[in-house]
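**Student:** One-letter residues, chain by chain:
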Amino acid sequence: MENMKEVILEYVIEEYCDEENDDVTFETPLISGGIVDSFSMVSLKRFLENKYKISIPDADASPENFDTVTKIEVLVKRFQ
Amino acid sequence: MAYTDKIKEIYQNQLKGIQDAGLFKQERYIHSSQDAEIEVEFPAGSAPKRVINVCANNYLGLSSHPDVIKAAHEGLDTRGYGMSSVRFICGTQDIHRELEKKVSEFLGTEDTILFPSCMDANAGVFEAILTSEDVMISDRLVHASIIDGMRLCAAQHDTFKHSDMAHLEKKLQLHADKRLKVVINDGVYSMDGDTAKLDEMVALCEKYDAILFVDESHSSGFIGKTGRGTHEKCGVVGKIDIITTTFGKALGGASGGCVSGRKEIVEMCRQKARPYLFSNTIAPVVVSGVLEVLNILSKSTERRDKLEANTKFWREGLTKAGFVLKDGDTPIVPVMLFNAKLAQDVSRDLFDLGIYAIGFFFPVVPQGAARIRTQISAGHEIHHLEKALDAFIKVGKKYDILGKTKQEIIEKYGS
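Keeping their order, the protein sequence lines are chains A and B. Going by the numbering used here, the residue at position 26 of the first sequence is 26; the numbering climbs one at a time, nothing skipped. Adding 1000 to a residue's 1-based position in the second sequence gives its number in the numbering used here.
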C-alpha cells in the first residue's frame, strides 16, 4: 500500500516546486512558508479528494490544516 | 452600536500586529507633481527633500506632460468636473465613448469598456462572463486585483506555475470538460518585470478552445515596437480575447482602466459588471487627458524608444556594478537583496543620497526574494540615471554586496 505522506509530498513537489525550492519535507511549512499560496491550495484539495475519494468541507480546508504534509495526512484520515 | 473600548482595542491590537510584523505601510508625502525629480517629505514633519524617483509607474513620463495637462484643462472647461451618475443612467458623455473607440484602435481589439480603475475592471470582468460551469486557470504570480476578481466569480479556479507552459497545458487537459476555460495572466509581471509568453499561450488556447485574458497594466504604451503592449511584442495582436489595462501608469498616470477585447465579452461587461453598473466612470477631466496621451503615442514612438534606451543604460550600469538583477528587458528592474531588512536598509540609505526607491519583501514577494524594485521612465535623463547609479554603487559597497552571488548575499545576510 502506498505511503500517504509520500504520495502527498510527491504531488506537492510536482505541483508547487521548482529547482529553487524542491527540498520540501513532511514538516516544511507550505502555506506560511510561501510555497503554496492560499489561492493555489485548491488544486491540492482537489487532488486529495480525487485520490482518496473523500470530500473535505471548505471550513476544514484551512491554511492551518494544509500547512505541512503531516498535517494534511491527519486531515485526510479524518475524512476517510 | 457605539464604538466601545472593546471594539477600539480589537483594531489597536490588529494594527500593533501589523507593526510588529514589520508590515506597517506609511505614506511619504510628495510636495510636487509626479516627475523624474520630486519633493518628498519623509519622515512626516521633516522639510521636503528633492530626490530622483525610480519607483513610479510613470514609464513614459506623461504624468505631468504639458499637452496632457492642457487637454485636461480643456476637458474640465467643456465637459465639467463630474457626472453625478453611473454610465447607464446619465453618466456617459461623447468623450467616454470616444475614448473607448480610441483604446480599441490603440490595442487592436474589437471593443472597449471603461472602468473607474483596472482594479475594478479585474474585479468585474470574470463574474460578468463566467458561471459555475466554467474554470479560470491563472498564472501563480498574477496581480492581487485579478485574484480578487476570481474570488468574486462563481467559476472554479486553478493555477499553473509561473510562465510554465507545460504545466498550463496539463491544466487545460485536466479541465477539458468545462463549458468555458479562461487562461489568465499578466503581460508584464509587476514584481519581476518579466514578460508573459503570449505567443505560446495563444497557441495553447487555440489548441484547447480556451479564452485568453491578459492584464496589460505594466505594458500598455511602451512594450512592443509601437508601444501597443505585450501582444505586439509577441506578434499576437488581435488574438487576445480579453485585455485589461490601466490609465493610472504609463498612459498619463491619473486613474481609470478598461476591459478591451471581443465585442460580446465587452457587451457582457456593459450589461453585468458590477463596478461598471454601480459606480461612476472616469471623470471627464481624466478622459480628456487620456485622449491626449493616446494622441501623443499614436503620432510618435519617441517616448517608448527613449524609455527603452534608458532601461538598457540602467540595466547595463547595475549589472556592470555587480548587482544581482532579475533577468528581463522591461523598465521594471528588480535589484535582488533577498533579505527583508537589507532591502529596507538599502532603501533608507538611497533616500539619504537623494534616490527614492522602495524595498519589497514577503508577503508582497516570495520569502527570501526581497528586493529594491526600480522602475525607469522616459522622463529620466541620463544624468538622473548616472546619479542614481552612483548612489546604488555607494550603498552596494557599504553592504559589500557588489559582485556577490545570490548565495553569497544570503550567507552574509540570511534570506
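Rather than coming from a laboratory, the hints here were simulated on the basis of the structure. Ideal placement from N, C-alpha and C gives every residue a C-beta, glycine not left out. The reader is advised that the hints may include incorrect statements.
[What the hints assert, rightly or not] For lysine to aspartate or glutamate, the following DMTMM-like pairs were computed, each having C-alpha atoms within a straight-line distance of at most 20 Å:
1. B/K1161 with A/D60
2. A/K45 with B/E1100
3. B/K1239 with B/E1100
[As the list claims (entries may be wrong)] Computed far set for chain B versus chain A, every beta-carbon distance over 12 Å:
4. Q1034
5. P1043
6. E1105
7. I1146
8. T1159
9. H1162
10. D1164
11. D1194
12. L1277
**Student:** It remains to establish, for every hint, whether it holds in the given structure.
**Tutor:** Status of the hints after comparison with the structure:
1. Taking the CA atoms of B/K1161 and A/D60, the gap is near 25 Å; set against the 20 Å cutoff, the hint is violated.
2. Pair hint A/K45 plus B/E1100 does not hold up; C-alpha atoms about 42 Å apart against a cutoff of 20 Å.
3. About 19 Å separates the Cα atoms of B/K1239 and B/E1100, which keeps this hinted pair within 20 Å; it holds.
4. The claim that B/Q1034 is not at the interface with chain A holds, since no C-beta of that chain comes within 12 Å of its own (minimum 32 Å).
5. Consistency note on B/P1043: stated as away from chain A, and its beta-carbon is indeed over 12 Å from all of that chain's, at 30 Å minimum.
6. Distance to chain A confirms B/E1105 as a non-interface residue, since its nearest Cβ pair spans about 35 Å, more than 12 Å.
7. In this structure B/I1146 is not separated from chain A by more than 12 Å, as the shortest Cβ-Cβ distance comes to only about 10 Å.
8. Non-interface status of B/T1159 relative to chain A is broken: a Cβ of that chain comes within 12 Å, the nearest being about 4 Å off.
9. The claim that B/H1162 is not at the interface with chain A is violated, since a C-beta of that chain comes within 12 Å of its own (minimum 9 Å).
10. B/D1164, annotated as away from the interface, has a beta carbon of chain A within 12 Å; the closest lies near 8 Å.
11. Once the 12 Å rule is applied to beta carbons, B/D1194 is consistent with being away from chain A; the minimum gap is 14 Å.
12. With a least beta-carbon separation of about 26 Å from chain A, B/L1277 lies farther than 12 Å from that chain, consistent with its non-interface assignment.
In summary, the numbered hints that this structure violates are 1, 2, 7, 8, 9 and 10.
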